[in-house]
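Protein chains in written order, with our numbering: chain A, 8 to 296; chain B, 415 to 648; chain C, 6 to 350.
Treat the hints with care, since some could be wrong.
Claimed, not checked - FRET-style restraints, in silico, Cβ to Cβ:
(1) A159/A to V93/C: 45 to 55 angstroms
(2) L296/C to A482/B: 42 to 52 angstroms
(3) L99/C to V144/A: 51 to 61 angstroms
(4) R531/B to Q184/A: 24 to 34 angstroms
(5) F121/A to G479/B: 50 to 60 angstroms
(6) M141/A to L296/C: 53 to 63 angstroms
(7) V285/A to V93/C: 33 to 43 angstroms
(8) L293/C to M8/A: 50 to 60 angstroms
(9) F428/B to Q165/A: 52 to 62 angstroms
(10) Q433/B to S294/C: 49 to 59 angstroms
(11) V25/C to G430/B: 32 to 42 angstroms
(12) S153/C to A85/A: 41 to 51 angstroms
(13) D295/C to P77/A: 34 to 44 angstroms
Unchecked claim - Examples of chain A residues toward chain C, derived with CB under 10 angstroms:
(14) F36
(15) V42
(16) L90
(17) R93
(18) L103
(19) Q114
(20) A123
(21) D124
(22) I232
(23) I239
(24) Q265
(25) I266
(26) W270
(27) L272
(28) L273
Claimed, not checked - According to the in silico footprint, chain A covers these stretches of chain B (three or more CB under 8 angstroms from chain A):
(29) 518-532
(30) 606-615
It should be emphasised that the hints constitute simulated quantities derived from the structure, not laboratory data.
All C-beta atoms in this analysis are idealised placements derived from N, C-alpha and C, irrespective of residue type, glycine included.
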Amino acid sequence: MTEWLNVILQGVLIGGLYAMFAAGLSLIFGVMRLVNIAHGDLIVLAAYVALMVTQTLGLDPLTSLLLVVPAMALIGYALQRLLLNRTLGDDLLPPLLVTFGLSIIIQNGLLELFTADSRKLQAGAIEVQTFQMMEGVWVGALPLIQFIVAVAVIAGLQMLFYRTALGRAFRATSDDQAVAQLMGLDTRHVFAMAMALSLAVVAIAGVFLAVRANFDPSIGPARLIFGFEAVIIGGLGSMWGTLAGGVILGVSQAVGAQIDPGWQLLAGHLAFLAILAVRPQGLFPKVSG
Amino acid sequence: MASPLLDVRAIDAFYGDFQALFGVSLRVNAGEVVAVIGANGAGKSTLLKTIAGLMHPRGGDVLFGGEAIGNAAAFDVVRHGIALVPEGRRLFPSLTVEENLLIGGQSRRPGPWTLQRIYDLFPILAERRHLPSTSLSGGQQQMAAIGRALMSNPRLLLCDEISLGLAPIIVREIYARLPKIVAEGLSLIIVEQDIAQALKASAQVYCLQEGRIALQGAARELTRESISAAYFGV
Amino acid sequence: MSQIASKVEHSTRSSRIGIVLILATLAVLALAPFWGDRQTLRLLAEMYAFVALASLWNLLAGYAGLVSVGQQAFVGFGGYLLFWLVIVAGVHPLVAILIAGPVAAIIAVPVAALTFRLRGAYFAIGTWVVAEVFRLLASQISVLGGGSGISLPAAMVISMAPTRQAREFEIYWLALALTVIVLAAIVALLRSRHGLALTAIRDNELAAQSNGIGVMRIKLIIYVLVAFGTSMVGALIFLQKLRISPDTAFSVNDWTAFVIFITVIGGIGRIEGPIIGTIIFFAMRQTLSDLGSLYLLIMGAVAIVVMLWAPKGLWGLIAERYGWQALPLQRRLVLTPKENAGRKP
Ligand SMILES: Nc1ncnc2c1ncn2[C@@H]1O[C@H](COP(=O)(O)OP(=O)(O)O)[C@@H](O)[C@H]1O
Ligand SMILES: [Mg+2]
Chain A
8 MTEWLNVILQ
18 GVLIGGLYAM
28 FAAGLSLIFG
38 VMRLVNIAHG
48 DLIVLAAYVA
58 LMVTQTLGLD
68 PLTSLLLVVP
78 AMALIGYALQ
88 RLLLNRTLGD
98 DLLPPLLVTF
108 GLSIIIQNGL
118 LELFTADSRK
128 LQAGAIEVQT
138 FQMMEGVWVG
148 ALPLIQFIVA
158 VAVIAGLQML
168 FYRTALGRAF
178 RATSDDQAVA
188 QLMGLDTRHV
198 FAMAMALSLA
208 VVAIAGVFLA
218 VRANFDPSIG
228 PARLIFGFEA
238 VIIGGLGSMW
248 GTLAGGVILG
258 VSQAVGAQID
268 PGWQLLAGHL
278 AFLAILAVRP
288 QGLFPKVSG
Chain B
415 MASPLLDVRA
425 IDAFYGDFQA
435 LFGVSLRVNA
445 GEVVAVIGAN
455 GAGKSTLLKT
465 IAGLMHPRGG
475 DVLFGGEAIG
485 NAAAFDVVRH
495 GIALVPEGRR
505 LFPSLTVEEN
515 LLIGGQSRRP
525 GPWTLQRIYD
535 LFPILAERRH
545 LPSTSLSGGQ
555 QQMAAIGRAL
565 MSNPRLLLCD
575 EISLGLAPII
585 VREIYARLPK
595 IVAEGLSLII
605 VEQDIAQALK
615 ASAQVYCLQE
625 GRIALQGAAR
635 ELTRESISAA
645 YFGV
Chain C
6 MSQIASKVEH
16 STRSSRIGIV
26 LILATLAVLA
36 LAPFWGDRQT
46 LRLLAEMYAF
56 VALASLWNLL
66 AGYAGLVSVG
76 QQAFVGFGGY
86 LLFWLVIVAG
96 VHPLVAILIA
106 GPVAAIIAVP
116 VAALTFRLRG
126 AYFAIGTWVV
136 AEVFRLLASQ
146 ISVLGGGSGI
156 SLPAAMVISM
166 APTRQAREFE
176 IYWLALALTV
186 IVLAAIVALL
196 RSRHGLALTA
206 IRDNELAAQS
216 NGIGVMRIKL
226 IIYVLVAFGT
236 SMVGALIFLQ
246 KLRISPDTAF
256 SVNDWTAFVI
266 FITVIGGIGR
276 IEGPIIGTII
286 FFAMRQTLSD
296 LGSLYLLIMG
306 AVAIVVMLWA
316 PKGLWGLIAE
326 RYGWQALPLQ
336 RRLVLTPKEN
346 AGRKP
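So that you can see chain A by itself, here it is in the shape it has in the complex (with noise of 0.2 angstroms):
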């Protein structure tokens, strides 16, 4: 019984992680309607922007962030407005296509710079820190920090969408892009604030994927699509939808590990496909008007 309790804990937990991959994603099909594949080589390169930072600085990885979450988003400024704003339009294929070739161009740029060699940022004393819940049911402190801080990812992000400046003018861009000009908004500005924001998202996310565990160039598809089923499952455009998808990707990746090692994978790809069969709108799908 206990055994299972801390088998779905951890589950809970590593879903943060999800949570922020999705995020990230979410956050820039909202504004944009742009789905980008390189999502998850970004994540990997946030992981390896945080391993340089603290081998070069002798930061943790924790302080690393006052470094790695700006210059991400500076590069996910640059990488909008220099590259993908040309691809939007009408037109599915040039946005999916050229965030395709990125994310190649990544992974081997990656596998160039760095090998195939995994990498793990480390933490330090925290990494083996646990906390007994109750009886027989310990969380370790690395994960509670973990999900603690994508809880606090998507709330920051709910109130910059509803409640800033900004926030009004992603929700009005996204509705409607010539009216939005007409309000003085540069809508090349404000897509790439908002892949700024996106990478910041992927930047926090990378440190906590590469403090958990090994990393190496070839594993950001993996990511994006966890990222991926966990919007799916969430529920399109709704922020603590994310959340919740996350953790129940979780759960069944960590349910479907403990059935049988082979299975935590497809586990989590089943969940995702038998939500797609009965409710293809997500769980918690945003209510339009």
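For this one, chain A is given, so just place chains B and C with the ligands on it according to the hints.
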């Protein structure tokens, strides 16, 4: 004579290969109300979109306060002091009424219009400020769209068919507020298919027909016959 | 009314020349076993497989607007089915290739039922998830070596043909034949009633919908047919390789990234595009593959540049410039002045 606030000089405008405006010229002086009338498809909206920077003229130019703005992007034109109330109102459905007004003031110039002044002008909006904009009636949406445009404190307000689809009593109510707006020193271009309404509200009238100016003159000097000739092209 | 009558013409002068050229090229290629060495045959057979895969993906994405990044699901499925049929059920490899098509088509129906619930780019990632599921399931099949894969037993390889040379010739001709059949089927499909509807979808989905064409039905048919072809090509690819593993069979790089690259460079939404693209891709591979990962990086960059600055690909540029058309596909509207042209029913 002093140079006009807006000087549209012989512009040609295109949708792809299709030419919608042919050498259209128009002037608006400071504090003046100008009406642009014409049948459906005459090019009225195209003219306003070109002035507002949503489209760029392929020939001719648009001067505003003496500055050429024909190639400026729409978000830049707002900063010069031109605001458009688009045809069909086009409020942002994801935003509340007040957010729609606030976003109109996203790039505010200094000037008299504030949230409070808009609510004074259209009190019903104050009552509904926190509701989604989609919950407003057509007339209220039109008020919100005008308020949203005013929030940027424009020098020139472009109104595209504000009477479209509204009951006559609502139209009269909205038109009754226009003098208050002009009293703040704004100039107006009113695009209407409703000729009587346009003539009442304006000093100068331009009539567009198939992308060309077919008639222009002072509202009180034009005869009914000359207008209907220019309007219908008969 | 108008003084102009119109008639729809299928063939153009350039396309008539094109057909002669195509037949001549085919003859030369069919005789390759008599003029080429082993290396050349292997390379050509591999190229045919990519022409076929890219043409199928082109049909899916370029014509039906179904941008899938998960076609490796069907490549791998075909490969695994062949290995299973040969090793476990003792079926002859050539028969196994024939079986791979219809079985994949049947599997494609429930897959489509799920993935078609996702729109646009999300559909793309959804197809990828399906491919991942296939890969994970394949690695659970212990009779086929689980996660590490399996080779075709020598006895079965020999059962195909007594000598290695005979086997290689056989596979070469098989690859050529399969690719020609796939291309011919695509051309026939595009020239059919459905083809016009497809072009309508490509050019304007909204208009196609409002014209009442059963867009979803046509898309489903295309999806299933493409799975059919892709799976047969996949079976042949792994018959040639003689070895299969989940990672090679369901590789997103090999069966999707390269295929997309080929199609985009050559010209998406054009039948000639994948052929041109395959030639360029192999030329690049032969010259740049020493660069390792840098070569893939260059490939990604080239794809982006082409997508943004020459979205119709190389063939698009050529066709626009010279009005060329190798295969009589686009119906040309020929306007001829005529007196008193009446309305046609
Ligand atoms: N987005 C567009 N694309 C192509 N043609 C357009 C577009 N918008 C308007 N037109 C054409 O331009 C002409 C002028 O349209 P418009 O300026 O909207 O007329 P009005 O506002 O006077 O009714 C019409 O013939 C119309 O069909
Ligand atoms: Mg109009």
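| query | Should the hint that A123/A touches chain C count as held when the rule is a Cβ pair under 10 angstroms? | reply | holds, 9 angstroms
| task | Quick one: see if chain A covers the stretch 518-532 of chain B, three-plus residues with Cβ-Cβ under 8 angstroms. | result | holds (count 3)
| task | Given the hint of 42 to 52 angstroms, check if L296/C and A482/B actually sit that far apart at their C-beta atoms. | result | Holds, at about 51 angstroms.
| Taking the least C-beta to C-beta distance, is Q114/A closer than 10 angstroms to chain C? | holds, 8 angstroms
| message | Take the shortest C-beta to C-beta distance between L103/A and chain C; is it under 10 angstroms? | response | holds, 5 angstroms
| field | Hint check for G479/B and F121/A - Cβ pair distance inside 50 to 60 angstroms | value | holds, 56 angstroms
| Per the hint of 33 to 43 angstroms, is the separation of the Cβ atoms of V285/A and V93/C within bounds? | Roughly 34 angstroms apart at Cβ, these two residues keep to the hinted range, so it holds.
| said: Can you verify the interface hint for R93/A: is its Cβ closer than 10 angstroms to any Cβ in chain C? | reply: holds, 6 angstroms
| field | Hint check for V93/C and A159/A - Cβ pair distance inside 45 to 55 angstroms | value | holds, 53 angstroms
| Can the hint on L272/A be confirmed by a CB-to-CB distance to chain C that is less than 10 angstroms? | Holds - the Cβ of L272/A comes within 10 angstroms of chain C, reaching about 6 angstroms at its closest.
| For the hint on I232/A, does the least C-beta distance to chain C fall short of 10 angstroms? | holds, 6 angstroms
| message | Given a hint of 34 to 44 angstroms, does the C-beta separation of D295/C and P77/A actually sit inside it? | response | holds, 38 angstroms
Consistency note: the structure conflicts with the earlier hints numbered 9, 21, 24, 25 and 30.
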